[in-house]
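Participant: Each chain, written out:
4 protein chains.
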Amino acid sequence: MKEKERNWKEKLHEIIYEADTPAGKNFDIVLLILILSSLIVVMLESVEDFRIQYQEWINIAEWLITILFSIEYILRIVTVNKPLRYVFSFYGLIDFVSTIPKYVSLFFGGANVLIAVRILRLLRVFRILKLARFIGESNLLIKAIRASRAKISVFLLAVISIAVILGTVMYLIEGPEAGFTSIPRSIYWTIVTLTTVGYGDIAPQTSWGQFIASVVMILGYGIIAVPTGIVTSELTRQDKDIRTNTQSCRNCGNERHYNKAEFCHQCGTNLH
Amino acid sequence: MKEKERNWKEKLHEIIYEADTPAGKNFDIVLLILILSSLIVVMLESVEDFRIQYQEWINIAEWLITILFSIEYILRIVTVNKPLRYVFSFYGLIDFVSTIPKYVSLFFGGANVLIAVRILRLLRVFRILKLARFIGESNLLIKAIRASRAKISVFLLAVISIAVILGTVMYLIEGPEAGFTSIPRSIYWTIVTLTTVGYGDIAPQTSWGQFIASVVMILGYGIIAVPTGIVTSELTRQDKDIRTNTQSCRNCGNERHYNKAEFCHQCGTNLH
Amino acid sequence: MKEKERNWKEKLHEIIYEADTPAGKNFDIVLLILILSSLIVVMLESVEDFRIQYQEWINIAEWLITILFSIEYILRIVTVNKPLRYVFSFYGLIDFVSTIPKYVSLFFGGANVLIAVRILRLLRVFRILKLARFIGESNLLIKAIRASRAKISVFLLAVISIAVILGTVMYLIEGPEAGFTSIPRSIYWTIVTLTTVGYGDIAPQTSWGQFIASVVMILGYGIIAVPTGIVTSELTRQDKDIRTNTQSCRNCGNERHYNKAEFCHQCGTNLH
Amino acid sequence: MKEKERNWKEKLHEIIYEADTPAGKNFDIVLLILILSSLIVVMLESVEDFRIQYQEWINIAEWLITILFSIEYILRIVTVNKPLRYVFSFYGLIDFVSTIPKYVSLFFGGANVLIAVRILRLLRVFRILKLARFIGESNLLIKAIRASRAKISVFLLAVISIAVILGTVMYLIEGPEAGFTSIPRSIYWTIVTLTTVGYGDIAPQTSWGQFIASVVMILGYGIIAVPTGIVTSELTRQDKDIRTNTQSCRNCGNERHYNKAEFCHQCGTNLH
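Protein chains in written order, with this note's numbering: chain A, 3 to 274; chain U, 3 to 274; chain E, 3 to 274; chain B, 3 to 274.
Watch out, some of these pointers could steer you wrong.
Stated by the list, open to error - Residues on chain B that point at chain U, a partial pick, calculated with CB under 8 Å: (1) 198; (2) 200; (3) 202; (4) 230; (5) 234.
No wet-lab data here; the hints were simulated from the structure.
Since the structure is predicted, the reported quantities are computational estimates derived from the model, not experimental observations.
The beta carbon of each residue, even a glycine, is placed where N, CA and C say it ideally should be.
Chain A extracted, bound-state conformation (with noise of 0.2 Å):
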C-alpha cells in the first residue's frame, strides 16, 4: 500500500514539477493558459463598463480560478518532499498570494490592493518558461547587463545629476506658468525630455527655455549611445568567447581556434 501510495505521489510529483514527460508537458500548458485567464479577467474587471455589465461572470470565473489555484497548490504540498521548504520558498510564496485574494475578498469586499496581488500571478509564468528551452538565450541578455553593471551604474548616476540640475535651471526660467511649479517637477519634466518621451504637459514658453529644452533633448538624444554601447560590447564579447577559446597551437602559437577544431587552422599541427 505504502509502496503504491508513493508511486502515485512520485508521478503526480513528475507531473507538476517537471516537464518532461507528456503529461507534465500537458499539465504546463493547462497551467499557462489558466495563469493567462486569470490575468485577462484581472485586466476586463478593471474597465468599468465591463465589470458593471459582467459582474457575475467576472465572479463565476474568479472562484473557479480560484479553485483550480487551490486544487494545484494542495497537490503541490502533497507531493513534495519538504512541504515547509516548498511553502516558504519563492514560487511557493507566489502560489498562495496567487491563490488566496478571492477568499480574503469574502470577508473585506474586493479592496483594489488585492489587484496588485492578483496581477502578481503573471510571476507564476515564468516558473513555466524557465523549463522551457529558450532560458539560455536570456541568461546570456542577463550575464551581459551584469557585466556592464558597473558602467551602467555610472551612466544612470550622471543622467540622475544631469536631470538634478538642469531641472533646477529650468524651474528658475521658466517659473510656475509653463508649468515647473517645482523642483521635483522640473526635475520629472527634465526626464521626460532626456529620455526622449516628450509627453508635452509640460512644455517651456519662453525663449531661453526651450533653448535650454533643445540642449536637454540633443544631450539626450546622443548619451543613449551610451547605455547601447555598453551593453553592444559586451554582448559583442561575450559571443566571440563562446565561438572561440584561447588555446594556443604549440607549433606556431596561433589562437583563437573555433571551439570544435582540432588541428591549428595555420599549421596543421594536431592541437591535443
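Given the structure of chain A, go ahead and fit chains U, E and B onto it with the hints provided.
Facilitator: Structure of chains U, E and B alone, referenced to chain A:
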C-alpha cells in the same frame, strides 16, 4: 502553328515573369508605377475634401487600374505553365485580390473593407523588387533578425511583463482622474512611456505617479540598448562570417575556414 | 606693373581661397562670424515682436552684411583664375544667392521666399569648415553611411511599408473622431508613433486602436536596433581595417599585424 | 604638545580627506547622507504647498545642515596642510558655496538665486564617490567619449544644420497658425522632432507640413544610429585594448603587444 504559339507564350512569360531582358525590365517599371499610382488613388480617396471634389476622376482612375490589372492577371495565367499553381500561390492570390475590389463594389457599394483590400496591392511591389539586386542585403538583415529571434522573444517577454506590472501599479496610484481608467489603459500608457513615444494623452498627476513614471522612462531609455546590442552583435558576427569561407575540407568535409586558412582546423589536411 | 598686379592678385587669392597663412585663417574666421551673424539676423527678423521693435536696426545690419558679401563676391571673381567656372560652381552659386536677396527686396518687397534663400547662407559655413582638420572624421562617417546604403534603403522601404499598412488599418479601426480622418493622416500618425516621436495630436481612443498602437510602438522601439546595428558594424569594421593590415607572415602565416609592425608577433620573423 | 597637536590634526585629516580607515568611510557615508538630505530639503521647499505648511521645519533643517557644513568646512581648513590652496580649489569653492546660502539669506531674504547655489551641493557628492571603486568604469566611458569627440562634433554640426534648414522650411510652409510663429521656434520644433522627443505643443497641420515632418522623424530615427555607432565601436576597441598589454619591449621599447604575444612585433625580440 503550335510552335509559333509556344514562342509567343514563352516570350510573354519572359517579359512578365523575368527581368533579364529590356522588355522585362520595362514591364516591371510600368507595373511598379501602376501599383504606386493605384495606392495613391486609394489614399487620396480617403481624404474627404478630395473625394467629394474629384469623385469622378477617382472613379475613372480606379477603373483604368482595375482593367490594366485584369489584363495583366489574365496574361499571367495564360503564359504560366501551371496556371492553377500560380492562382493559389501567395502572389497569385495577391494579384487576384488586387484586381477584384472594383468589380465587387459594383454589387455591394464602396465598403470600407475594400480599402484594406486595395492597400494590399502594396505587397505586389515586393515581387518586383525581389528581382532587384539589393535583395541580398535584405536577406542579410532578415538572417540577423532570425538568428537573434530567441533573444528578441526573451526581450519582448520582459518588456510586456514590465508593462503589465508597472501598468497595474500606476492604475492603483493614479486612478481615473489622470486618465488611468482601467488596467489595460494603464498598460497602454506604460508601453507608450517605456518605448519613449510619450503621447501625453494620459500623463501622471500625483508626485508618486510622476516618480514611477520617471523610473519607467529611464528603464525604457536603458533597455532600448538590449535589442540594439542583440542586432548589432549579430550583424557584426555575420560580417565576420563573410570573411570565413564555405570551402569544405576534402578529407573531413568540415566548413567555415578562415579565408586565409591553409589547413583544415578539424583534421589538419592541407586545403589546397 | 603687370608683375605687381599678379602678385597682388595671387596674395588676395591666397587669403580668400586658402587657410594656410595667418591672414587666410583670419579671413576665414571673420567670414564665419559674418555668416553666422547674418543667419542670426534672419532668425530674429522672423520673430514678430523683435521685427516690429528693431525694424531699422535689422535693415542696417542686413545692408551691412549684403555690402560685405558683395565685396567678397567681387574679390572672389577678380582673384580667381577662371571666373566663369567659379561663378557656376556650387559654392559660386551659393555665394551669389547669399548676396542678392537685399537687392532683390528693393524691387519686390521683403517676400517670404527670400528668407529661405537667405538661410541658405548656412551652406557657406561648410566651405570654411572644409578647410578645417576634422573633416577626416566626417569622411569616415560618410563612408560608413555610404557603405551601408543598400541595407539602409531596405530598412527604409520596410519602415514605409509598415507605416502604409498599419496606417490603413488604424484608419479603418479608429475613424475620424480620434483624428484619423484620412489614410495619409493615419500614415503620418503611424510614422509619428513608429519613430517614437509621439506628438499626441492624434491618439487612438478605442481599445483595439490602442492595442495596435502598442504593437506599432514596440515594433518601432525594436526596429531602431536595425539602423543602429548597420552603422555600428560598419564603423567597427572600418575601425579595424584602419588599424591592422592583411599581410601574412612568411614563416607561420599569421595575419592581422598592426600597420607599424615590422616583425610577426607570433614567431618573430621579419615581415619585409 | 606640538607633537600631540600634529597627531590630532593628522588623524582628523585622515578621517576627513581619506576613506581607507573605517572612521574615514563612516565620515564619508554621514556626509553623503547629509548632502542628499540637504538636496531633498531644497527640492521640497520649492513645492509650494509643502513650503507653506512646513515653513518652520524646513528652516530648522536648513540651519542644522548649514551649521554641520560650517563645522566641516572649518575642520577641512584646519586639518589641511595648505589651507589657501584648498580654499581656492574647485571642491574648496563648492564647499564654501554650499555652506553660505543660509547666512546670506539672513541679510537679503530667500532669493531665488540661492536655490541654484544650494543645488550645487550635488557636486559635493562626486568628491565622495571619487573615492569609490567604480570610478574606473566612468574613466573608461569618459575615455570612449573623448576619443570620439571629433566624430561627435561633426555629428552635432550636421544635426544643427539640418535643424536650421528644415526649421526654416517648416516656418515657411506652416506659418503661425500651427505654432510656427518664428524661425527660432521652428528650429526648436525641428529639434523636438528630430530627437524623437515630440511634445506636441507645436505640430504641423497642413499636408505638406506633415509630409516634411515625417521626413524629419525618419531622419531623426535613422541618425540616432550614428552617435550609437561611434560610441559602440569606440567601446569595443577599448575593450580589445584591454586584451593587449602595455608591456614594453626590452630592445626597442615598443608597446601594445597582444597578451599572448611571445615576440615584439616591432623588432622581433623575445618578450620573456
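Participant: With chain U as the partner, please determine if residue 230 (chain B) meets the hint condition of a C-beta pair closer than 8 Å.
Facilitator: holds (7 Å)
Participant: Does the closest beta carbon of chain U sit nearer than 8 Å to the beta carbon of residue 234 (chain B)?
Facilitator: holds (7 Å)
Participant: Would you check whether residue 200 (chain B) satisfies its interface hint, that is, whether its CB is within less than 8 Å of any CB in chain U?
Facilitator: With a closest approach of 7 Å, the residue 200 (chain B) hint holds.
Participant: Holds or violated: the hint that residue 198 (chain B) contacts chain U, with Cβ atoms closer than 8 Å.
Facilitator: holds (7 Å)
Participant: Does the nearest C-beta of chain U fall within a distance shorter than 8 Å of the C-beta of residue 202 (chain B)?
Facilitator: holds (6 Å)
Comparing the model with each earlier hint shows no violations; every hint is respected.
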